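Participant: Construct all of the structure, not just a fragment, from the sequences and the given hints.
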Amino acid sequence: MATTMDQDAAGGPLKTADGTPLKRKLAQAMFVSRMRALGLVAPLLAFVLAAFILPVIIFMFRGIYDDTYASRMPNTPALLAEWDGVSEPTEEMYAALVKDLIHARETKEIGRVATRVNREFSGARSTFTRSARRAQRLEAPFKEALIGVNDRWADIQLWQGMKVAAQSLTPAFYAAALDHKYTGTGEIIAQDEERQIHVRLFLRTLEISFVVTLATLLLGYPIAYLLATLPLRTSNLLLILVLLPFWTSILVRTTAWIAMLQSQGVLNDMLVFIGIAPDDARWSMIYNKTGTLIAMTHILLPFMILPLYSVMKTIPPSYVRAAKSLGATNWTTFWRVYFPNTIPGIGAGALLVFILAIGYYITPALVGGENGQMISNFIDFHMRRSLNWSLAAALGGTLLIFVLFLYWLYDRIVGIDNMKLG
Amino acid sequence: MKLWIAIGAASAMALAGAAKAEDLTVVSWGGAYTKSQVEAYHKPFTAETGKTIVSEDYNGGLAEIKAQVEAGNVKWDLVDVELSDAVRACDEGLAETIDKSILPAGADGTPAASDFIAGTNDVECAVPTIIWSTIYAYDSSKMSDGPKSIADFFDLEKFPGKRGLRKSPKANLEMALMADGVAADEVYDVLGTSEGVDRAFAKLDSIKSEVVWWEAGAQPPQLLADGEVAMTTAYNGRIFNAVAAEDKPFNIVWDGQVWDLDLWIIPKGAPNKQAALDFVAFSTATEQLAGQASWISYGPARKSSVDLIGDYATKPGLAMGPQMPTAPANFENALQNDFEFWADNQDELNERFNTWLAN
Amino acid sequence: MQLDAASAEAIETPADGRSPDFVVFDQVQKSYDGETLVVKNLNLSIGQGEFLTMLGPSGSGKTTCLMMLAGFETATHGEITLNGRPINNIPPHKRGIGMVFQTYALFPHMTVAENLAFPLEVRKLSKADVEAKVKRALDMVQMGDGQFAGRRPAQLSGGQQQRVALARALVFEPELVLMDEPLGALDKQLREHMQYEIKHIHESLGVTVVYVTHDQSEALTMSDRVAVFNDGVIQQLEAPDGLYERPMNSFVAQFIGENNKLSGRVDSIANGVAEVTLDDGEKVSALAINVSQAGERTLLSVRPERVEIDPDESTVAHTVDGLVEEVIYLGDHIRTRMKVAGDDQFIVKTRNRLGARKFSPGEKVRVGWATEDCRALDWLEG
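Protein chains in written order, with the working numbering: chain A, 1 to 422; chain B, 423 to 781; chain C, 782 to 1163.
Calculated from the structure, these hints are not laboratory results. Hints are not guaranteed to be accurate.
[Stated by the list, open to error] Label-pair ranges, simulated between beta-carbon atoms:
| # | chain 1 | residue 1 | chain 2 | residue 2 | range |
| --- | --- | --- | --- | --- | --- |
| 1 | C | Glu895 | A | Ile53 | 43 to 51 Å |
| 2 | C | Ala935 | A | Arg200 | 43 to 51 Å |
| 3 | C | Ser812 | A | Ser33 | 42 to 50 Å |
| 4 | A | Met60 | C | Gln928 | 47 to 55 Å |
| 5 | B | Met565 | A | Phe273 | 20 to 28 Å |
| 6 | B | Glu492 | A | Phe339 | 47 to 55 Å |
| 7 | A | Met60 | B | Met565 | 49 to 57 Å |
| 8 | C | Arg904 | A | Ser33 | 53 to 61 Å |
| 9 | B | Asn481 | A | Leu232 | 43 to 51 Å |
| 10 | A | Val41 | C | Glu912 | 48 to 56 Å |
| 11 | C | Gln928 | A | Leu45 | 39 to 47 Å |
| 12 | B | Gly568 | A | Asp151 | 41 to 49 Å |
| 13 | A | Pro21 | C | Arg917 | 54 to 62 Å |
The structure presented is a predicted model; accordingly, all values stated were derived computationally and were not measured. Glycine included, C-beta positions come from ideal geometry on N, C-alpha and C.
Facilitator: This is how it looks when you write it as structure tokens:
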């Protein structure tokens, strides 16, 4: 003890009674409790890592890496990489291609290669598979021989498509996700106007998500206020009504909206009965953007109400009373005192609804019609139908980057620690 | 102690379940379609071989097969797929090659190679079972003098009202060209040119404002029944089902039908490959295919089956023969979906179609 | 002691001509459920510039009265006037009444200065005026040294928040300020300090204050008059000294300060003095305050510091037997608990002066008091 005091006086590092430096001792003590805490979360952490984060990262990697061509065609990739993408393909390249076609047919991988090149150049699939069937019998000079089999081999655009496909690490899919084309010459140019769909869809996804967020806020705010201010028994009953939709599947709720909103549906029948809508020109409220907006707003409403409610519940009624006693009218009281205190709930609810909305897909798929589709419907399409998983990964990655950007923006403007989920 | 016994018992049961694994897992589309396969294929197969079959449903597409094959954990032995998916599964190496010599000759002795309808048995890793068709239908109780031709579907003046179309370029572009006067056997040649594509989209443009788009096969009969559309394209089996089982007053217009196939594929690395091959040979024999046609109005892929088609299984007296897409009266102006064309062009045409939709 | 008598009791007429009826409750009743009355027929006049405290246990109706005055509750019956004007139908924000809440109710999203500026901004004062008044108000509560104005309420201690709340209720110069147990959340020392501060501010501003508390020492320290509430009724309305020394009924005697109660029966009443036989048979005389006839049960009230132990018989009216049970040393005085007339909670407080006698438990003594210090009050069960 005395020595420790001496050292303190001398300005040396603090030590515990047994002489170990205090910092190290503290670190040891902390280490044990930290390990114990880690042990508790380890199973969940391992699960999330293995079942979610890792697959997501691996899948995202597909958006920039695709070795379908390079790993199955041993001879052409090197030559294609050297080729400038503009000049006439050489006999050497044709010869290598024939060797690769024979190889790929033997390994039964020609279909995959053909499908990959077809994504860059429509028609390449049949050109590849048919030529591969006859490649065994071709003789030099291979250029003329191949063109003899299929005159598409003279099309430099096919070769440019092959050059792109042969490059495993590629910006092609992200370019495609943003309606651009990565060309064989290394440029990124705009996609044909009549095929530009993704940017439009991203924008529409944002628009729908924004409108849905706004609509849930406008509809949910008064309900949350009512819930927070009514006597407990009444408000609990109301809360159950708010949560009721969670007990039925999203599919059922969406289908219910179809029955409500379709042109021979309940709402239109009512409108015709009242005389607002003429029978031969019923309102189209479903299978379009309106339908998507209505159904999504309904389904996402609880996600806005609950955070708002939990925040409003914590606002003491004395704030409102104080403001009124200080001379504020009802509106001023609301706008300057009550409303600012609900901002954390608005932030949480809006972020929750927006992020859920941006990835929504079942509802728009069912009631979206032609102009109510969102980007997730296309991710689904490329996952399940076209099997273009790389493009799906690029679209998903773009969406993810965008959501992270919004999150960052939110943090800058509102502050993430300002958010209250309950 | 009790808990451990319970856990032990449960895991023993789980193990037993795994050990007694089904002899064959067959995956199909569910509903009336799977029922027709169970009645016509599965039950006779089990009766003959003693092998049990587990029937699973899926929603089409190759995503699950691709995931299973890539993960090296294939659980399905046999999958019923559309032609385009069969071709793609072959191309992508997701399906086993099937030696066509295992297929039995027809009941009338015709060798299998010539018994299957031309153009149906050309995919090396798939064997066709049925022919289904995209047709269009209308509610005869609302239109006494209904449409007759594919051109009528696109004629809003003569037949006003909403139209139902599948939200996909497939079949729509072909029908548009046929309605615009292109002969069935020239449709894909025209569609192969960019002018042809423009022409098809221009024809679709003429009814775009009146179109209600559907995605699932169950939707079109519902749209018709609800009066949401005056006429809609649909899968012929769905409309037949609404007419035969629910007595709906729907009429099918066969003119300009676009027919397609469903086929068996065996996912690469299927656990019971030999049994699956046996099942493929068994189920695509003349009698089995003819038997299936009693349960659902899809045409058998074998010519030798046609004469054996009987009555609707649950409604004796309703002959199934005239309900087949392949019945001579229905088959006059019919177009086979060209999988090769679509395999080559679907990326481009899908993007174009979706852009067109969004405009 | 009932209301009419209480309000009839004279308050000193203000010399400066300020209204003695600045706030008037006229036959006010309040019920929440339509079955029971929380406030029963309240009549009360509060003079301008007065510091009036509503004191009572929880549920006595005092807070309800305050809320009716502020406008957050409506009177079920009766009329409330402010400066001669009926205010029953005036919404709270038009009443111009400042209010301090128990929970402070400072707006957490505004700084101290913004909180104070709020009532001025809603009154559309010019920016310069707002700044000047905010500064003056902060100076008044001794928080004007500049470091506080920019802080959020959450960055202040409880006492500082209370000062800000006080400043905010005063900054728009209301003529009436209501305070609802404003010191309830503070620790004892700070609470006492703030009591003086509020009292000084009241004196220097001349504002009328209606103060609600359940803490009797707070009420006695600060008020001009105290209205003791119980069961929806004002039990007594008086200045602090009167309240303590001249309780008019047993509730007030027991609620305000420490009290010895002795139960007995009235033998006779003459000239305002009642002869009472205690339950153990001893006879004493007491001022007949709240008894009317012989034979009535009564509670006698004697303050502990007015009792003497083994007194000089000439200075007290009479003495009774006492048995010392417990002696507690408290520094400046000594509390002796003893058994008197069957009641073992009889307390005697003696000053700890030089040569004061020390007692020990078990000792038998005589205790006595003057007749004027013993009040015969109404019988109260329990």
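Participant: Now tell me, hint by hint, if it's right for this structure.
Facilitator: Each hint, compared with the structure:
1. Against the hinted window of 43 to 51 Å, the Cβ-Cβ separation of Glu895/C and Ile53/A comes to about 44 Å, which satisfies the hint.
2. Our hint of 43 to 51 Å for Ala935/C and Arg200/A holds, since their Cβ atoms are close to 47 Å apart.
3. In this structure, Ser812/C and Ser33/A break the distance hint of 42 to 50 Å, their C-beta atoms being roughly 58 Å apart.
4. Restraint check, Met60/A to Gln928/C: a C-beta distance of roughly 51 Å satisfies the suggested window 47 to 55 Å.
5. For the pair Met565/B and Phe273/A, the beta carbons lie near 25 Å from each other, so the given range of 20 to 28 Å is met.
6. The given range of 47 to 55 Å is respected by Glu492/B and Phe339/A, whose C-beta atoms sit roughly 52 Å from each other.
7. The supplied range of 49 to 57 Å is met by Met60/A and Met565/B, whose beta-carbon atoms lie about 52 Å from each other.
8. For Arg904/C and Ser33/A, the Cβ-Cβ distance of about 56 Å falls inside the hinted range of 53 to 61 Å, so the restraint holds.
9. At about 46 Å, the beta-carbon gap between Asn481/B and Leu232/A stays in the expected band of 43 to 51 Å.
10. At about 53 Å, the CB distance of Val41/A to Glu912/C agrees with the hint of 48 to 56 Å.
11. With their beta carbons about 45 Å apart, Gln928/C and Leu45/A fall inside the hinted range of 39 to 47 Å.
12. Checked against the hint of 41 to 49 Å, the C-beta distance between Gly568/B and Asp151/A comes to roughly 47 Å, which is consistent with it.
13. Checked against the given bound of 54 to 62 Å, the beta carbons of Pro21/A and Arg917/C, roughly 56 Å apart, stay inside it.
Consistency note: the structure conflicts with earlier hint 3 alone.
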